[in-house]
Amino acid sequence: MHRFEEFQVLVIVSAAKLRAQLHVMLPAFGFAVTHFAISARTALRHLRARRYELILCDYALEGGQDGQHLLEDLRQHEIIARDTLFVMITGERNYECVLGAAELLPDDYILTPLVAGALRERLVRIADRREAFLPAWRLSAAGDWLGAIDYCLRAQGAYPHYLVDFHRLEAELYIAAGRVDEAGEIYRQIIAAQSMPWARLGLARCLALKKEHAEADALLAGLIAEHAHFMAAYDLLARVRAASGQGREACEVLRAAIERSPYRLERQRQLGELAMETGEAATAEAALAEVVRQSAHSGFRNPEDHVRLVRAQLAQGKADAARATIGDLERNPGGQPGTALCTALASAMVHAHAGDAARARASLAAAEKLTAAGVAAFSPRLAREMVGICFDQGLEEMGSDVAANILRATSDEQTMLALREMLGARGLGPLSKRIEQDIQEEVRRLIMAGAEKARIGDYGGAVAAMTQAVRQMPGHPVVLFNAALALLRHIEHRGWNDALAHRARALIERARALDPASGRLSMLAEFMHLLIERDGIAVPDAAPARRRARPNRGRAVQAGKEVRARRS
204 MHRFEEFQVL VIVSAAKLRA QLHVMLPAFG FAVTHFAISA RTALRHLRAR RYELILCDYA
264 LEGGQDGQHL LEDLRQHEII ARDTLFVMIT GERNYECVLG AAELLPDDYI LTPLVAGALR
324 ERLVRIADRR EAFLPAWRLS AAGDWLGAID YCLRAQGAYP HYLVDFHRLE AELYIAAGRV
384 DEAGEIYRQI IAAQSMPWAR LGLARCLALK KEHAEADALL AGLIAEHAHF MAAYDLLARV
444 RAASGQGREA CEVLRAAIER SPYRLERQRQ LGELAMETGE AATAEAALAE VVRQSAHSGF
504 RNPEDHVRLV RAQLAQGKAD AARATIGDLE RNPGGQPGTA LCTALASAMV HAHAGDAARA
564 RASLAAAEKL TAAGVAAFSP RLAREMVGIC FDQGLEEMGS DVAANILRAT SDEQTMLALR
624 EMLGARGLGP LSKRIEQDIQ EEVRRLIMAG AEKARIGDYG GAVAAMTQAV RQMPGHPVVL
684 FNAALALLRH IEHRGWNDAL AHRARALIER ARALDPASGR LSMLAEFMHL LIERDGIAVP
744 DAAPARRRAR PNRGRAVQAG KEVRARRS
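Using the numbering used here, you'd call the opening residue of the sequence shown number 204 and step up by one each time.
Note that these hints are calculated values from the structure, not bench results. A virtual CB, placed ideally from N, CA and C, is assigned to each residue, including glycine. Do not rely on the hints blindly, as some may be mistaken.
[As the list claims (entries may be wrong)] Straight-line C-alpha distance at most 25 angstroms; calculated SDA-like pairs for lysine to any residue: (1) 656 <-> 702; (2) 656 <-> 695; (3) 414 <-> 639; (4) 414 <-> 625; (5) 572 <-> 521.
[Said to hold, decoys possible] What follows is a set of in silico ranges between Cβ atoms, one per label pair, in the way DEER data are often shown: (6) 319 <-> 480: 53 to 61 angstroms; (7) 696 <-> 652: 47 to 55 angstroms; (8) 560 <-> 238: 48 to 56 angstroms; (9) 206 <-> 482: 36 to 44 angstroms.
Construct the complete structure from the given sequences, taking the supplied hints into account.
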C-alpha cells in the first residue's frame with residue numbers, strides 16, 4: 204500500500220470543474236498536501252518554491268502554453284527532478300495528437316472524464332514504477348552512475364515487468380558515465396531482438412557522440428521514414444547534419460519537424476540560428492519571430508532571442524523592424540539580468556548597420572562594461588557576433604578580449620572552430636591562433652598550480668587552486684575535469700565530504716555537456732563510484748553491488764516485448 208500522505212502534489216488545471224473534482228478525489232486517496240495552479244506561470248512559482256512528488260497537469264491550459272510544452276520546459280530547465288511523477292490529463296479527442304508529437308513523454312496519461320477508481324488505480328501503478336526506479340535515479344543524481352547501473356542489473360530480477368525500461372535506463376547511465384561503446388552495445392542487442400524506435404535513437408546518439416556521422420545519419424533517416432512523428436529523431440538528425448557541415452540539409456530537417464510539431468521553442472531557435480549561418484535570413488527571421496512570440500507565454504523568455512531576431516532583420520535591411528524588436532526587448536522581459544546586455548548588443552548592431560560608428564562603439568562599450576561587471580554573459584554565438592562587430596568598428600583590443608573570454612567560458616571544439624572561422628574570414632587567422640595558444644598556456648598554468656598543491660599533499664590547496672581556475676575558465680572542459688579530480692582526490696585522502704562530492708558531480712556534468720565523448724568521463728565516474736563504495740555512502744535500499752556479467756538483453760527484450768503498457 205502506497206503512503207500517498209507522504210506525497211506533495213501540484214495540480215495544474217485551468218478548468219474550475221476539473222479542479223473541483225480533483226480537490227475532492229485526491230484527499231480521498233490519502234494525499235495530504237495538494238496545491239493548485241491555474242496556469243503554467245503560477246505553476247512555476249510553486250515549483251521553484253518547493254519540491255513535489257507528483258504533478259497532475261491538464262493538457263489544455265490557459266495563458267498560451269499547453270501541458271506538454273510545460274513538461275518539456277520543466278525537464279529542459281531542470282525545474283523538476285527525474286523522480287517527480289508528471290501525469291497528463293487530457294480528453295480522448297486530444298490524446299492521439301498529444302502522444303504523436305510528444306518530445307518527452309509524461310509518466311502517464313489520464314483521460315477525462317475522470318473516474319475516481321480508475322484514477323486511483325493509475326496513480327498506484329505509476330507510484331509502483333517510481334518505487335522500482337527511485338534508487339537508480341537517486342544514485343544517478345548523487346553522481347554514482349556505475350552504482351545506478353549495478354542497481355538496474357539487480358532490479359531486473361525483482362521487477363521483470365520493467366525489464367525493458369531498466370535496459371533503457373542502463374544504456375543512458377553508461378552514456379552519463381562516459382562509456383558510450385557499452386551503451387551502444389545495449390542498444391544493438393535490443394534492436395537485434397525487436398527494432399524499437401527509442402533503441403535506434405539511442406544507438407544513433409552513441410554514433411553521433413563518437414562522430415560517426417554518416418552511420419548516425421543513415422540510421423536516423425530510416426527511423427524518420429518509418430516513424431514520421433518521432434520528433435526526437437528529427438532533432439538529433441539536424442544536429443548530426445549541422446556537425447558534419449550540412450547546414451542547409453539540417454535546416455530542411457528542422458523545417459519538416461516544425462511542420463509536425465510547431466511549438467518547441469528550442470527547435471525554432473535552432474532553425475533560426477542555422478538559417479542565419481547558411482544565409483537564409485528570411486527563414487531565420489520567421490523562426491526567431493515565432494520564438495519571441497511563443498516564449499512570451501512560457502515563463503522562460505530569453506532576451507537573446509530578440510538579439511538573434513534583430514540580426515536576421517538587419518540582414519534583410521529591415522532597420523525599422525529591428526528597432527521595433529529592441530523596443531519590445533526593453534519593454535517585456537524586465538528584471539532579467541541579460542536584458543540590458545542584449546539591448547546594448549542589439550543597439551550596436553543597428554547603429555553599425557546605419558553607419559553610425561560612434562554610437563555603435565558606445566553601445567559595445569556598454570555591453571563590455573556589463574560583462575566585465577559579471578552582470579550577465581552572452582551565449583557563444585552572440586559573443587562571436589560581438590567580436591565581429593568590435594573588429595568591424597576598429598575596436599581590436601575589445602574584440603580580442605571578448606574572443607579570449609569566449610574560449611574561457613565555452614571552450615568546446617565547435618565553439619573554437621566557429622570562432623576560428625569567423626576571425627579567419629576577417630583576415631585575422633594569426634590573431635585567432637595566438638588567442639588559442641594563450642588560452643592553452645593559461646590552462647596549463649592553472650592545472651599545474653593545482654597539481655603541485657596535490658603533489659605535496661595540500662589537497663585543500665589543490666581544491667582552492669582549481670576552484671579559482673574554474674572561476675577564470677568556467678567553460679573549459681579540461682579545467683572542469685581537473686577541478687573535479689582535485690575534489691575527488693581530497694575525498695580520497697581526507698575522507699568523505701558531501702559538499703565536495705556534490706561540487707565534483709556538478710563539475711563532471713558541466714564537463715560532459717561540453718565534451719560528452721571524453722575518455723576522462725569514465726575515469727572520473729569510476730573514481731566517484733569507488734569512493735562512494737569505499738566510504739559506504741549509498742541511497743537506502745540501493746547499495747552498490749558487485750558487478751556481474753551482463754545479461755543477454757535481446758532474449759530479455761523478446762520475453763518482455765513491450766516498452767511499457769503505460770497507456771493501456
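Cross-check of the supplied hints:
| no. | hint | in the structure |
| --- | --- | --- |
| 1 | 656 <-> 702 | 20 angstroms, holds |
| 2 | 656 <-> 695 | 15 angstroms, holds |
| 3 | 414 <-> 639 | 23 angstroms, holds |
| 4 | 414 <-> 625 | 23 angstroms, holds |
| 5 | 572 <-> 521 | 28 angstroms, violated |
| 6 | 319 <-> 480: 53 to 61 angstroms | 54 angstroms, holds |
| 7 | 696 <-> 652: 47 to 55 angstroms | 18 angstroms, violated |
| 8 | 560 <-> 238: 48 to 56 angstroms | 55 angstroms, holds |
| 9 | 206 <-> 482: 36 to 44 angstroms | 60 angstroms, violated |
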